[in-house]
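Protein chains: 2
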Amino acid sequence: MGRIVEVTDVILRDAHQSLLATRMAMEDMVPACEDLDNAGYWSLECWGGATFDSCIRFLNEDPWERLRAFRKLLPKTKLQMLLRGQNLLGYRHYEDAVVERFVAKAAENGMDVFRVFDALNDLRNLKTAIAAVKKSGKHAQGTICYTVSPVHTTEAFIDMAQSLKEMGVDSICIKDMAALLKPQPAYDLVKGIKQRCGADTLIHLHAHATTGVTLVSLMKAIEAGCDIVDTSISSLSLGSGHNPTEALIEMLEGTGLTTRLDKDRILKVKDYFTQVRGRYREFMSEFTGVDTEIFKSQIPGGMISNMESQLKGQGAAHRLQEVLEEVPRVRADSGFPPLVTPSSQIVGSQAVFNVLMGKYKTLTGEFADLMLGYYGSTIGEKNPHVLAKAEAHAKKPVITGRPADLLKPEWATLRKETEALESNNGSDEDVLTYAMFPQVAPKFFKSRPAGPKNLGKDPVKKDATAPAPAKADSKTVSAVQAAALSGPVSYVITLHGKEHKVTVAPGA
Amino acid sequence: MGRIVEVTDVILRDAHQSLLATRMAMEDMVPACEDLDNAGYWSLECWGGATFDSCIRFLNEDPWERLRAFRKLLPKTKLQMLLRGQNLLGYRHYEDAVVERFVAKAAENGMDVFRVFDALNDLRNLKTAIAAVKKSGKHAQGTICYTVSPVHTTEAFIDMAQSLKEMGVDSICIKDMAALLKPQPAYDLVKGIKQRCGADTLIHLHAHATTGVTLVSLMKAIEAGCDIVDTSISSLSLGSGHNPTEALIEMLEGTGLTTRLDKDRILKVKDYFTQVRGRYREFMSEFTGVDTEIFKSQIPGGMISNMESQLKGQGAAHRLQEVLEEVPRVRADSGFPPLVTPSSQIVGSQAVFNVLMGKYKTLTGEFADLMLGYYGSTIGEKNPHVLAKAEAHAKKPVITGRPADLLKPEWATLRKETEALESNNGSDEDVLTYAMFPQVAPKFFKSRPAGPKNLGKDPVKKDATAPAPAKADSKTVSAVQAAALSGPVSYVITLHGKEHKVTVAPGA
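In order, the protein sequences belong to chains A and B.
Residue 306 in my numbering is what sits at position 292 of the first sequence, and the numbering runs on without skipping anything.
Residue 225 in my numbering is what sits at position 211 of the second sequence, and the numbering runs on without skipping anything.
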């Protein structure tokens, strides 16, 4: 009777990561913070995932400074981040001391809730990060990457939840990055976890909207007792993003369940991001509908575009269909990893190689590592023939231990290397930035004093008197009209052997 | 255990009415018909609503010929239409003999399922059409227009369902044109109708997707026993359209409920309409997200754009907010009509007048008629002060009887007038076309021999070697690139007092 459904909004992180290629500048988020902070969220996801990389690679923005700014701007609300376990926010495994340092620094700079996941659901890749979060006194959220395969059963996911609980997590996240979680499985999974791990186990559901069914899954998960759900305010929602916050609020009316959210605050944020979004059109995902083919291919949308550009680079764009059919086979051979960063890229690239060069004629180094256990273990058995090829190719043995156990202490080296870099500021934060992005960080430190860049562009003002291009009847007219939309255009034209500068104005 | 959920696809009617301004030409639907006919639908909605008007006004296409073509192309599937009760497909009440003739002719030309509604939910406006459908041996579906107001309770809608049942309908449609039906009310309404009218009462739910919550409502309605639901294949879905058919299919997995639909056929239709949609960009609704403000304002999206253009015509575009706040008051004064054609336009226009000229200083003729009962009765009481003004303005008495009872026999006159028109073909169908659209039909009959027009346009081919306009750094470059996209462009330019024809090619 009157149970509260708590909500995390992902508009400051995953929403623009999914819909605007993670390009949103901090200055475009600042004006929304007061309303977001007062809207009644359980937490606001605002850091981690690809934002760290994007900050230093594209935005000339210090991600640690972004975190401190959010802490100041959102004093009432828990800040939440996505952390790739032993990979932190980079693309390799780090030695435990680096992981511990990262978590301590993130906590110190203001992070409250750490959602920790591993692409292979290998718990050994989560334990150092989770222990570090606990040590810092913050909220450790253990994550189940949801996927569908012959070996991924509801029972197996419930077992994983129980193992996470035993590791001491404060809550359990079901992370449905490819929008594969259907309503009935969502109900069964949440119910099963509550039964096995105790009714007081906090369950947090993160689902993308890509397949069009997951708002229904949120409903069924909530009916089964799910405590917290992720949504995104509607002006940055749907497509490969998330379900709209407003729809969640309305959907509960009359059920006896309710959120704590303030609709007026949310409407203001919605209107604000409607404006902002327009400035990032250049980076906007073209996909805005629903894609249920993912259920068949198991291939998330982002992964398809990666493979497409890889194929195009090889002049083999026409072989995409073969690659799409190869992916599930490569995934089966490698023990059915969930497809999420970095396993999605590893499996996708190998599928491209198989199609272009012949089946496992060439292995990528990463795929060999995946086969041999260097990313961790998978729940499914590996194909022994492919495993043998991986051993021969990589000239390395299969490992069954925790990958990070092979690593030597590296903090001192990382610090020394960072200190050698121009314009580093001597902080542990800079060492961590360098550790995660050794190619990008040196350039970033140098350019940092110039301050953040905003890649958003104000839309070209339309000339109200110009005819609408949509009504153009021929190609020529349409081109002239397109030119007309942005005012006079100058050309250099050769006429009777002489060059002339000519300006063409609307209507000329 | 294993209950079948039946599905009606609206892609041939309401989908393009909602998303492409009803402009799709028959020739663009023909190639999809074989797959649609074999996909396993309960019915295909393909006629009625605004398609009749659009055919003769914009497409130079005989709507009766369209119906006969669908009958031939869809031999295995029931054809379904939307009929505005005593209004038929026009905008006034018709005398009973005309209504009977229309239904008989539609049945004769191939129609199977008649979804009959009245904007005011006045059953007296439905009875002639429903009786005519029964007489023709076809499926009569009685419709409840769902809306939200202080007088519209679940109980009142259940009463209406019972009255429809007593009129002899074969099924009951819950029509949620503004996407206001939330999940729990959907459950309660379906459950309530099944309890009151019998478990064997066929219930058919039609919901738009505008507010983002109605796929969940379909789920809850199905859980409550709803037999048939309306959806649209994903490439023409969402926004102010409908929930995607593919999402419905997937959503049911594991529930013990299933559709009879063939996913491969549907995928082919989806891919096909993805191509077609691109050709109608000019007519495409700009709204693609979700709008939950409708819950507060009760104003459907299409109605807002009508009022906007009315205000713009008066140079008062800035007063939209006042009008939006006036609409619910005008709706209350007129007895809380559901807002759907034509009541939405009538209430909207009066709200505009109230804001621009002063409260009820000027009444539209249609609003006066609505107040005085000439469209039928409303479930709510009317404001007596406004009623008195309507009487004074219209110089007509309040009526409480069925509006069509005031009409004299009109078929003979209509036939005579039609026969006087150039190029009429002498058929009853032409008389009915003229009866419904007396202004448009004469022009249409004359131009009909030229054959249908297709308003779709092939997209301008992109030159793969041209730089992407998205990366343009200045207005000039972007205009040149836009021009370059469609190849060489010719201009007539005045240089040193002489006119020259100049061709600018990509890269010039």
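Derived by calculation from the structure, the hints in this document are not laboratory data.
The model shown is predicted, which means the values in this text are computed figures rather than measured ones.
Treat each hint with caution, since some may be false.
Remember, identical chains collapse to one label, so a pair may be satisfied in a single copy or spanning two.
Derived DSBU-like pairs: lysine-lysine, alpha-carbon spacing no greater than 30 angstroms straight-line [unchecked claim]: (1) Lys471 - Lys326; (2) Lys403 - Lys373; (3) Lys403 - Lys310; (4) Lys326 - Lys86.
Hints, one by one, checked against the model:
no.	hint	verdict
1	Lys471 - Lys326	both (28 angstroms within a copy, 28 angstroms between copies)
2	Lys403 - Lys373	within (11 angstroms within a copy, 83 angstroms between copies)
3	Lys403 - Lys310	within (28 angstroms within a copy, 63 angstroms between copies)
4	Lys326 - Lys86	neither (45 angstroms within a copy, 44 angstroms between copies)
Figure legend: structure checked against the earlier numbered hints; the only hint not met is number 4.
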